[in-house]
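If you count the sequence shown from 1, position 99 lands on 99 in this note's numbering, and the numbers rise without skipping.
Worth flagging that the hints you see were computed from the coordinates, not collected in a lab. Nothing here was measured: the structure is a model prediction, and the numbers come from that model. Misleading hints may appear alongside valid ones.
Pairs of lysine-lysine residues, derived as BS3-like cross-links and limited to a Cα-Cα distance of at most 27 Å, are as follows [said to hold, decoys possible]:
#1 K332 / K227
#2 K124 / K106
#3 K71 / K33
#4 K106 / K143
#5 K334 / K271
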Amino acid sequence: MNKEPNFPLSSPFASQAGGQDDISRYRNALVFKIALSLASIIFLLLVYLISAPFDFPINKIITVQEGATLKETAVYFKQERLVRSSNLFDILIRYSGHEKEIKAGKYVFSRPISSVGLTRRLIKGDYGVSAVKITIPEGSTVKNINKIFAAKGFENFEIKEEGVEGYLFPDTYFFSPDATAEEAAARMTENLRNKITPDLEKAILESKRTFLQILTMASLIEKEAAKTEDRRIISGILWKRFDKKMLLQVDAAFVYAIGKNTYELTAEDLKIDSPYNTYKYIGLPPTPICNPGLDAISAAIFPETPPYWYYLSDKEGNIYYGKTFEEHKINKAKHLK
1 MNKEPNFPLS
11 SPFASQAGGQ
21 DDISRYRNAL
31 VFKIALSLAS
41 IIFLLLVYLI
51 SAPFDFPINK
61 IITVQEGATL
71 KETAVYFKQE
81 RLVRSSNLFD
91 ILIRYSGHEK
101 EIKAGKYVFS
111 RPISSVGLTR
121 RLIKGDYGVS
131 AVKITIPEGS
141 TVKNINKIFA
151 AKGFENFEIK
161 EEGVEGYLFP
171 DTYFFSPDAT
181 AEEAAARMTE
191 NLRNKITPDL
201 EKAILESKRT
211 FLQILTMASL
221 IEKEAAKTED
231 RRIISGILWK
241 RFDKKMLLQV
251 DAAFVYAIGK
261 NTYELTAEDL
271 KIDSPYNTYK
281 YIGLPPTPIC
291 NPGLDAISAA
301 IFPETPPYWY
311 YLSDKEGNIY
321 YGKTFEEHKI
331 NKAKHLK
C-alpha cells in the first residue's frame, strides 16, 4: 500500500505556504494603514475647511440679501472671508435640509465661528445685534410707517410713497438698527408676496380683476369696516357699483387725499378735483389708500353678493345697509346725528 508522503514542518513546501500568508497579512496591514492615513488627511482637511478663516471679519456688518440664492450667499461669504470653501458651505446647508430657512438681514460676529456655527446662526436668524421690533398695524399708510420707524430711533428713514403704498404688508418685523428704508420696504413687499398663496392667486385670476385693483379695493375695505362679515358685504357693494360704473362714494379716500374723516367732510370737500375723490370720479382710486391686511385682501377677493347698494357707519363703527337710496337716506337721518 502506498502511503501519503509525510513532509516535516521544515519542508520547503510548508515554508512557502507560510510565507504567502505573511505576505498577505503584510499587504492587508499596509492597505489598512494607507486607508487610515488617507481618511485622517481627508478628516483634517474637512476640519480645516469648516473652521473659521484666520482673517474672519470681526464686528463687521455682513448682509445676507433678501432673495439671494444659497450659491450666491456662499460665494459672498467666501469673498468676505467668513468661510474657507464656498462649495463646502453650500453642501453643508443644502444637505442639512435647511436651504430655504436662511434668514436675510444684517449679521455681526463678535468672534470667529466655523461654517457649522455660521449655518446655525443663519437658520435661526441670530443676527448678533439687538434687533428692533417693529409692528405695522393693518391700514397703516406709508407716512404712518415712516413715523413708526422714526419713533423707534431710525434716523434718516423715509420710505417713498410712490409705487409702494398698499404693498407694505402689515405685520410684526425685526430689523437691525441700521436697516435702511429700502431694505424695510423690500422685506414688507416680499412678505405680501408670500401671503398671496397659490389658491388666492388662482382666485384673483378667476375674478378677472388685476392685483392692483384687488389691493386698492382691499385698502378701501380696510378703512371702511373692522369686522370680516361687514368687509365682505361692503366688498360686494363696492364691486357691484364698480362694475355698473357708479360712483363708489367712499369717504375713506378723503382721509388719504386731504386728511379729513367722514365727520369732518364739508360739501366743498366733496367737490375737490382729486383722483381720490370717489364722489367725483368713477372707478377705484389710482393707488391703494393704505396697506391692507390679509383679511381685507381676502374680502376683496371673495366678496358677498348682497342685495344692498348703499352702506354707512356710525361713530361706533356699526354698519347700516340700504337696498335703495331712500333707505340709505333714512339710515343717515337715523344714525348720523
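Review point. Is K106 close enough to K143, meaning Cα to Cα at most 27 Å?
Key: Measuring from Cα to Cα gives roughly 25 Å; hence the hint holds.
Exercise for review: Sort out whether K227 lies within 27 Å of K332, counting only the CA atoms.
Suggested key: 21 Å, holds
Practice item. Mind checking the alpha carbons of K71 and K33 for me, to see if they're no more than 27 Å apart? Key: 37 Å, violated
Review point. Between K124 and K106, is the straight-line Cα distance small enough, at 27 Å or below?
Key: 13 Å, holds
Check your understanding: Given the proposed pairing of K334 with K271, does the C-alpha separation stay at or below 27 Å?
Key -> At roughly 25 Å apart (the allowed maximum being 27 Å), K271 and K334 satisfy the hint.
Of the numbered hints stated above, the single one contradicted by the structure is hint 3.
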